[in-house]
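**Q** So the chains spell out like this:
There are 2 protein chains.
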Amino acid sequence: MNRVYGKAKNAKTASIIFSSTNTEKKNSVLKRVAMLLNEKRQPLLEANAVDLENAEQLLKEGKLNNALIKRLKLTSEKIDEIIEGVKSVAGQEELTGKTLSTLELDKGLELYRVSVPIGVICCIFESRPDALVQISSLCIKSGNAVILKGGSEALETNRFLFNLIRQCLEEEKLDKEALQLIETRADVKEILDLDGLIDLIIPRGSNSFVKFIQENTRIAVLGHASGICHVFVDKEADLCKAEKICFDAKTQYPAVCNAMETMLVHSAVAKEFLPKVCKKLIESGVKLFADKEALVILKENNLAAEQAKQENWSTEYNDLILNVRIVNCLDEAISHINQFGSRHTDSIVSEDKERSLKFINMVDSSSVMVNASTRFSDGYRYGLGAEVGINTGKIHTRGPSGLESLLTYKYILVGQGNIVADYSGKDAKKFSHKKLEKEWNSGY
Amino acid sequence: MNRVYGKAKNAKTASIIFSSTNTEKKNSVLKRVAMLLNEKRQPLLEANAVDLENAEQLLKEGKLNNALIKRLKLTSEKIDEIIEGVKSVAGQEELTGKTLSTLELDKGLELYRVSVPIGVICCIFESRPDALVQISSLCIKSGNAVILKGGSEALETNRFLFNLIRQCLEEEKLDKEALQLIETRADVKEILDLDGLIDLIIPRGSNSFVKFIQENTRIAVLGHASGICHVFVDKEADLCKAEKICFDAKTQYPAVCNAMETMLVHSAVAKEFLPKVCKKLIESGVKLFADKEALVILKENNLAAEQAKQENWSTEYNDLILNVRIVNCLDEAISHINQFGSRHTDSIVSEDKERSLKFINMVDSSSVMVNASTRFSDGYRYGLGAEVGINTGKIHTRGPSGLESLLTYKYILVGQGNIVADYSGKDAKKFSHKKLEKEWNSGY
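Chains as they are written, first to last, in the working numbering: chain F, 3 to 446; chain S, 3 to 446.
Each hint should be verified, as a subset may be incorrect.
Identical copies carry no separate label here, and so any pair may be met within one copy or between two of them.
[Said to hold, decoys possible] For lysine-lysine, the following DSS-like pairs were computed, each having C-alpha atoms within a straight-line distance of at most 25 Å: (1) 62 x 246; (2) 437 x 237; (3) 360 x 440; (4) 65 x 355; (5) 428 x 243; (6) 33 x 100; (7) 431 x 243; (8) 311 x 178.
Calculated from the structure, these hints are not laboratory results.
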């Protein structure tokens, strides 16, 4: 048996029993993980040091950048945060095994829809070592088996964390095969063909990487293609709020997917608004690409900007770069966003409720906001606890995706020997189709 | 602009406004469709007659079979059923625009999760003319634009029905471009590349067709791969119930995906159970494939059966053919189902609650049943009204999928100029993260 296939097969087998693990046991594992992480700080930092040493070498050879090394590096404070993260997942409400709906089909023939784990998840993530722990915690809490593939730069750190979590599963007499680690790109390619064993792939990474995964597998993919977020400053905007929001959305943390890439400004307020906000942005190091009309205003105020080309509107910068466009009406703003946006997060700044409502209804994005910074859209701020990713597709989940996105459901029908023939043809019995006033757990 | 691209583009544009159509208007369209179908029986039957004539010709040439012609043929009674179907969708509860969850992030910073239509659905369906009306009704009711592709044999009937529904949209001053019709396989191939315009493809048809679609598009696919359903007759079964259930599951309507393909029988009851039920099945024209142990028992009772080969266990017959296997324990039954089944519907016949519970928990199928026929698993019997299909995947929806499967959600964040910078770093404001006691509709 091939090695990767073997791991996937073991995960699948383990997933069947693992899916019904009770809440106490799952929380015990997570609490034990938190405890062991605390106890094993020193060897964990040592494993991380090996990765860092290798990374420094690659940095010298120009094969890595400084930002990656920063993300890779563990400190005692970061370990504290990871421990807090695990505890927070342990503290989250149990969502698996919940009765989602009930229906009496007929006297003694009862239908329950109950949430269950999806089964086997494969998550491919970046070089932050906390990602492995966060994803494993969410999968354990939801009752899913998981195949983990981390960034190759974090190899030793990931191995250490993986073995630590597996040890906790074993200590609680759970099947450690529910957690698997793969390490190479070739392994990932093999995974893509295993649609009989793996139920969902969650790739975190670049746009092109997610697209590659989507195009090369029949397995469902929960992916985050790109984050081209907009703020529209309406003619009814409180310009003071608008300035704060645009500045925050662009500069508070420009490297992330929910940062603003394009600022749309209503022509009625452009002359007043643009000079002020753009001066502040430029002073913070933001480079501007502006459309013709905006360019005129900026030039008049001696503010530097380049003329935006068509491709600018659909570029995700993740950097201190911003597109500026003047629009003549609300519809033009909405059209621009639906055409060039990535269905991630878009915000309107306006004091007019009717105009805001139109924006909310017609902008086809996973998060639409009124008078708030696009930077708010993430799992932690949305109260989901940890997130496995942000989905810019519209199927299964949308936007920041936490525990709930790792669940599906199962229909359970309990009868007394009922057959369909009795409900068809002449003298057919009728379905009662009325809601049952009981939960699955207590009902059977 | 290419023709198919143009249609998809028009559907996408129409979908934006169509998504917020209010319930009364959507129901008015559906009621008008029901009314017009009644008024236009004669021309509808005439359009259908043209299709039938062409089909008869193809039948003579051996290019079609009788069953297809039977499905294609409309009668006044069938039109009555179609009308009832449309009325029933109109009568269903509105699921679009519902507040799914709420959260106060901070005083004056409120998050709502609200159900919205997915956007543009492409549904590819078989030659039953009622499918076009059923799918259109569900898409209109949920607020989705839809691109329809019916069987080529139903060309004239589908055109007639398509124009009739479009007329009703126009009469209610809704954008008729929300409904599109494509007619050829080449059109379908073009559709597969339009992942910027189409949000979900629902292919109904053969296993190989669904797989072809899944392998050739980046668009999400809600598909039904196959229906290999099992009944397991446990050692604790009431054999009288078991006989009724197995007979119903195999013979009541063998051509459908929820019919039983394999009967698993516990060795402790095989000698008593098999001869009786198999005699009855054989008398109803069922051909048996049995494993060695079952074969011995059947031979002793002069009942005809062939020895099952490995491939029999994973074959969907949709016909009066049945696999029979004797298993020595519950675990063996569960393993068989998880290995050879298609995650559709599987049933245990047992009076023992603990054993039934284990079956329910460990069989990884969209419907698991106790003492009931697998034939119950469909949208109508499950109280969903009409269904767009049955999903054997585990993502988005599972099992019979109705209106709810055509919805996703949108996060709406309403602030007062809030920025993320205030919630990070030193002296960071804290999130309150408490449930809001109001709905989105009334809340803003």
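**Q** Decide, hint by hint, whether the structure agrees.
**A** How the hints compare with the structure:
no.	hint	result
1	62 x 246	neither (40 Å within a copy, 75 Å between copies)
2	437 x 237	neither (49 Å within a copy, 33 Å between copies)
3	360 x 440	between (41 Å within a copy, 20 Å between copies)
4	65 x 355	neither (51 Å within a copy, 61 Å between copies)
5	428 x 243	between (69 Å within a copy, 22 Å between copies)
6	33 x 100	within (23 Å within a copy, 37 Å between copies)
7	431 x 243	between (63 Å within a copy, 18 Å between copies)
8	311 x 178	neither (53 Å within a copy, 35 Å between copies)
The structure shown violates the earlier hints numbered 1, 2, 4 and 8.
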